[in-house]
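Asks: Use the sequences and the hints to build the structure in full.
Spelled out from the first residue to the last, the chains are:
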Amino acid sequence: MRRMVFPLLLAVGVAGIVLGGVRGTGGQDEAAAVGDEVVVYSSRQEHLIRPLFERFTEETGIRVRYTTDNAGALMARLQSEGRNTQADLFMTVDAGNLWQAAERGLLAPMESELLTQAIPVHLRDPDGHWFGLSVRARTLVYSTERVDPEALRGYADLADEQWRGRLCLRSSQSVYNQSLVAMLIASHGVERTEEIVKGWVANLAAQPFSNDTSTMEAVVAGQCDVALVNTYYFGRLQSQNPDVPLAVHWADQEGNGVHVNISGAGVTRHAQRPGAARKLLEWLAGEEAQALYGALNHEYPAREGIDWDPLVASWGDYRVDDTNLAEAGRLQTQAVMLMDRAGYR
Amino acid sequence: MSAVAGQVQAGPGRAGLLPFGPRGWRWLAGLVAAVVLAPLLITALSWLQVDAAIWAHLRATLLGRLITNTVILLAGVGVLVLVIGVGLAWLTAVCDFPGRRWFDWALMLPLAVPAYVLAFTFIGIFDYAGPVQGLLRDLFGTSAWFPPVRSTGGVVLVMGLVLYPYVYMLARTAFLAQGAGLMDAARLTGMGPWRAFFRVALPMARPAIAAGTALALMEALADFGAVAAFNYDTFTTAIYRVWFGFFSLETAAQLASLLLLFVALAVFGERYSRGRARFYQRGVAGNRPRIRLRGMRGGMAALACGTVLAFAFVIPLIQLLWWVAGNSLADLDAQYFGMLLRTLALGAMAAAITVTVALMLAYARRVQPDWFTQRAVGVSTLGYAMPGSVLAVAVMLVFTRVDGWLAELFGVPGGQWLTGTVIALLVAYSIRFMAVAFNSVDSAFEQVRPSMAEAARSLGSGQVEVIRRIYVPLLRPGLFAGALLVGVDVMKEMPATLLLRPYGWDTLAVRIYEFTSDGEWQRAALPAVTLILVGLLPVILLVRRSVAQRRRVSGPVPGAAP
Numbered sequence: 399m400r401r402m403v404f405p406l407l408l409a410v411g412v413a414g415i416v417l418g419g420v421r422g423t424g425g426q427d428e429a430a431a432v433g434d435e436v437v438v439y440s441s442r443q444e445h446l447i448r449p450l451f452e453r454f455t456e457e458t459g460i461r462v463r464y465t466t467d468n469a470g471a472l473m474a475r476l477q478s479e480g481r482n483t484q485a486d487l488f489m490t491v492d493a494g495n496l497w498q499a500a501e502r503g504l505l506a507p508m509e510s511e512l513l514t515q516a517i518p519v520h521l522r523d524p525d526g527h528w529f530g531l532s533v534r535a536r537t538l539v540y541s542t543e544r545v546d547p548e549a550l551r552g553y554a555d556l557a558d559e560q561w562r563g564r565l566c567l568r569s570s571q572s573v574y575n576q577s578l579v580a581m582l583i584a585s586h587g588v589e590r591t592e593e594i595v596k597g598w599v600a601n602l603a604a605q606p607f608s609n610d611t612s613t614m615e616a617v618v619a620g621q622c623d624v625a626l627v628n629t630y631y632f633g634r635l636q637s638q639n640p641d642v643p644l645a646v647h648w649a650d651q652e653g654n655g656v657h658v659n660i661s662g663a664g665v666t667r668h669a670q671r672p673g674a675a676r677k678l679l680e681w682l683a684g685e686e687a688q689a690l691y692g693a694l695n696h697e698y699p700a701r702e703g704i705d706w707d708p709l710v711a712s713w714g715d716y717r718v719d720d721t722n723l724a725e726a727g728r729l730q731t732q733a734v735m736l737m738d739r740a741g742y743r
Numbered sequence: 273m274s275a276v277a278g279q280v281q282a283g284p285g286r287a288g289l290l291p292f293g294p295r296g297w298r299w300l301a302g303l304v305a306a307v308v309l310a311p312l313l314i315t316a317l318s319w320l321q322v323d324a325a326i327w328a329h330l331r332a333t334l335l336g337r338l339i340t341n342t343v344i345l346l347a348g349v350g351v352l353v354l355v356i357g358v359g360l361a362w363l364t365a366v367c368d369f370p371g372r373r374w375f376d377w378a379l380m381l382p383l384a385v386p387a388y389v390l391a392f393t394f395i396g397i398f399d400y401a402g403p404v405q406g407l408l409r410d411l412f413g414t415s416a417w418f419p420p421v422r423s424t425g426g427v428v429l430v431m432g433l434v435l436y437p438y439v440y441m442l443a444r445t446a447f448l449a450q451g452a453g454l455m456d457a458a459r460l461t462g463m464g465p466w467r468a469f470f471r472v473a474l475p476m477a478r479p480a481i482a483a484g485t486a487l488a489l490m491e492a493l494a495d496f497g498a499v500a501a502f503n504y505d506t507f508t509t510a511i512y513r514v515w516f517g518f519f520s521l522e523t524a525a526q527l528a529s530l531l532l533l534f535v536a537l538a539v540f541g542e543r544y545s546r547g548r549a550r551f552y553q554r555g556v557a558g559n560r561p562r563i564r565l566r567g568m569r570g571g572m573a574a575l576a577c578g579t580v581l582a583f584a585f586v587i588p589l590i591q592l593l594w595w596v597a598g599n600s601l602a603d604l605d606a607q608y609f610g611m612l613l614r615t616l617a618l619g620a621m622a623a624a625i626t627v628t629v630a631l632m633l634a635y636a637r638r639v640q641p642d643w644f645t646q647r648a649v650g651v652s653t654l655g656y657a658m659p660g661s662v663l664a665v666a667v668m669l670v671f672t673r674v675d676g677w678l679a680e681l682f683g684v685p686g687g688q689w690l691t692g693t694v695i696a697l698l699v700a701y702s703i704r705f706m707a708v709a710f711n712s713v714d715s716a717f718e719q720v721r722p723s724m725a726e727a728a729r730s731l732g733s734g735q736v737e738v739i740r741r742i743y744v745p746l747l748r749p750g751l752f753a754g755a756l757l758v759g760v761d762v763m764k765e766m767p768a769t770l771l772l773r774p775y776g777w778d779t780l781a782v783r784i785y786e787f788t789s790d791g792e793w794q795r796a797a798l799p800a801v802t803l804i805l806v807g808l809l810p811v812i813l814l815v816r817r818s819v820a821q822r823r824r825v826s827g828p829v830p831g832a833a834p
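Heads up: the sequence lines are chains V and S, in that order. Using our numbering, the letters of the first sequence map in sequence onto residues 399 to 743. Using our numbering, the letters of the second sequence map in sequence onto residues 273 to 834.
Honestly, the hints are just simulated from the structure, not real lab data. Here a beta-carbon is modelled for each residue, glycine too, at the ideal position from N, C-alpha and C. Don't take each hint at face value.
Here are the simulated SDA-like cross-link-like pairs (lysine to any residue), alpha carbons at most 20 angstroms apart as the crow flies [as the list claims (entries may be wrong)]:
1) Lys677/V / Pro449/V
2) Lys677/V / Thr514/V
3) Lys596/V / Asp505/S
4) Lys596/V / Leu334/S
5) Lys596/V / Glu559/V
6) Lys596/V / His329/S
7) Lys596/V / Asn503/S
8) Lys596/V / Ala538/S
9) Lys596/V / Asp738/V
10) Lys677/V / Ile447/V
Cβ pair distances, simulated, as ranges [what the hints assert, rightly or not]:
11) Trp319/S / Glu501/V: 22 to 32 angstroms
12) Pro643/V / Ala536/S: 49 to 59 angstroms
13) Ser637/V / Val586/S: 26 to 36 angstroms
14) Ser637/V / Thr414/S: 25 to 35 angstroms
15) Thr628/S / Leu512/V: 32 to 42 angstroms
16) Leu593/S / Pro643/V: 53 to 63 angstroms
17) Ala325/S / Ala693/V: 39 to 49 angstroms
Quick partial rundown of chain V residues pointing at chain S, CB under 8 angstroms, derived from the structure [as the list claims (entries may be wrong)]:
18) Arg463
19) Asp467
20) Glu479
21) Gln605
22) Gln651
Replies: And the structure:
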């Protein structure tokens, strides 16, 4: 034992490098030409994108290599790698992140007939830097045991006195809440939005939660009665427990409509394989991939005319706030500052 | 006991195998410091671009609260790790009570639990929607009197439970090494056991306890995962808010460098207050009859140990296993073997590298104890206090730049010799966890009387021979402990792994991130349990080592066997 420690550590390390390396680059030899692969930086989770990439590789023979991390870190990496980057496609959740990536010149504008036809105008960058690939609606979820759905209206009405001690929210650290508030600023202006957010904070039944699922579990447990969440989290909860005493209420149907956000992607400015990146992006906007988004994660397809996942369809149709999502990016800093001022943690 | 300035007088010219004399060590330390400083300097360079609007906003809204929060967190965690760590170490090292032999090693197990895992497990169990409060509501109709879990108290408790083993381990070793003579002498002067503990044993163990507490506090300061789960605003969460909310990496880096300044002052302050005094254990500690705690007192001691162990390890592990059984067993596939192997491999490699460098630093500090070397060594351990994500970005910035130069030099665009391989990741780990290895190695050095090395050198041994034949054997426990601690920490590390891993190098921590970042705690349970089990491997080695060491130090205790 005495003399073995360091040799042992080194041996494990070397074995790891060999095996890890082999696994990491496995199949690379088959992809002889550079054009046969594409590299993706993704802040969308591995278990959600891998099935899509696998299908893409099966159909086109193009191998997809990817790394996952949060969007901010990946953007810093893209920026610092500059023209040396391996990444061809930047994939992320939240329009604010995509807008920011475009703003910093990390994405190349792309003209694609296919994409502009498939993806509605408000879900893509006006200049073609990024395209939404799936839609997530952020709306109200309420306890069917304690709330009369007639009493529910929209985002602003959650600031009403009647919800005192009955509201649960996720932390303002969440980019989804930041985008939601940014869109509220876009439609109501800063002053009115600050009043609304202050009203929310006054109505909170508990400290903001660190994720949407916990927020809804608090409603189920009876800590509060209404929550603001992305519907696919509700979908997950419902598919695990079909009898969960919660229901979706579509916000602001008489007003601006439900705030939606996207997951999306754009080709990087210094992509070494822009052709393959474009192919992947267009494939992701294609019918098969769009249907998969719903099946994998209860999200809405960005493309029109795709059947919704049955569970998703059971929540009914709704009117969407079709303000261009680039606004969410533009106003995000203001939104975060507003939430700080309102004491929304 | 003798208090002397710890120096090894190295004669000039006898370089042995090394191509440089004692002065060379100074430059070696300088080189290591430079590698550590590069990312720190990049962080500091952010001050060239100050965004006045963001700072004005921070001052007006967040800054006051997050400084208060950070101070409260540090104070709370500090008190908690001291009370739990020192208290339990004293019980298991010096006293005897039912279950002591078992608790002696079991209390180190929580070391394998990452703070972020304990945080989400704790919330899962004890928050309003969790099973405990649910049961209370079923029984009594209300759980309103239950203390709020996602609160200051909750964060402090979770951090304390995760971090106390650092203090426990080091304090325990120190108490074991003190031997019987010291306490006997104290008792002979008429001190009671409590007084002897506070006046003699505790001050003697101070360097070890201070080192452990410093590690715990730096970890608490740099933590993001746990405080984020509790939605508790500290410096680190503010760094993220500024970075991801305001998209200002510069302001984030500025906050991080303030944090670092704070830590540097604390670290140097502690060293300064300890002054030049060094304690060396003279001779081998003899048999020490343990203080027997009988009846109620023994039961109380066992209860204290059991409670800590239950909340820090057993209950969370059961909850995780429950989640695995209910939700995520289906995720178990062939990928897991690869992830497990890569997790272990990274831990092992980083441990070997970090401890080797720490050994060189600790030695340099003794051969060449001049101003420059001392500062260089001090700087080299600062990485631990950087929030992992900020350090990861800083290292990434440095290495992509170097990669860029290399690519230009060799005319190969897109070459990523450092960031595309494990090299960048290993360097990042070494920078981040140098303090862990160094504290361990350096406190082992403190136990080696300088006279031994002096004797060897006066008998004609070269530097390498002195290291190999005097230091390495005597330091082996310290080196070993350092390597294992670094190994465990690296396996738990998340942000640097995420940002700097080469393609395909997904580890268990990466997998946990994938699930927790999306609120899927139950599915994160599988990689979390696997990570804890893998982390137990080095912890158990550590335990066996220290138990064996104790046997050697104190010999078999007659009549101790039941």
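Asks: For the pair supplied as a hint, lysine 677/V and proline 449/V, confirm whether the alpha-carbon distance does not exceed 20 angstroms.
Replies: holds (17 angstroms)
Asks: Quick one, is the glutamate 479/V hint okay against chain S at 8 angstroms, beta carbons?
Replies: holds (5 angstroms)
Asks: Please check whether glutamine 605/V passes as an interface residue: C-beta within 8 angstroms of a C-beta belonging to chain S.
Replies: holds (5 angstroms)
Asks: Just to be sure I understand the hint, the distance between the Cβ atoms of serine 637/V and valine 586/S should be within 26 to 36 angstroms; is that true here?
Replies: holds (32 angstroms)
Asks: Taking 49 to 59 angstroms as the stated bounds, is the beta-carbon spacing between proline 643/V and alanine 536/S within them?
Replies: Holds, since proline 643/V and alanine 536/S (Cβ atoms, about 53 angstroms apart) stay within the stated range.
Asks: So does threonine 628/S sit 32 to 42 angstroms from leucine 512/V, Cβ to Cβ?
Replies: violated (55 angstroms)
Asks: Measuring from beta carbon to beta carbon, are tryptophan 319/S and glutamate 501/V in 22 to 32 angstroms?
Replies: holds (23 angstroms)
Asks: Regarding the hint that arginine 463/V lies at the interface with chain S, is the smallest CB-CB distance below 8 angstroms?
Replies: holds (5 angstroms)
Asks: Between lysine 596/V and aspartate 505/S, is the straight-line Cα distance small enough, at 20 angstroms or below?
Replies: Roughly 19 angstroms between the alpha carbons, so the hint for lysine 596/V and aspartate 505/S holds.
Asks: Identify whether the interface hint at glutamine 651/V stands, where standing means a beta carbon of chain S within less than 8 angstroms of its own.
Replies: Nearest chain S Cβ about 27 angstroms off; hint violated.
Asks: With the threshold set at 20 angstroms, check whether the alpha-carbon distance from lysine 596/V to asparagine 503/S stays at or below it.
Replies: Within the cut-off at roughly 18 angstroms; holds.
Asks: Would you mind confirming whether the straight-line C-alpha gap from lysine 596/V to aspartate 738/V stays at or under 20 angstroms?
Replies: Holds: lysine 596/V and aspartate 738/V sit about 10 angstroms apart, inside 20 angstroms.
Against the hints set out earlier in the document, violations occur for numbers 8, 15, 16, 22.
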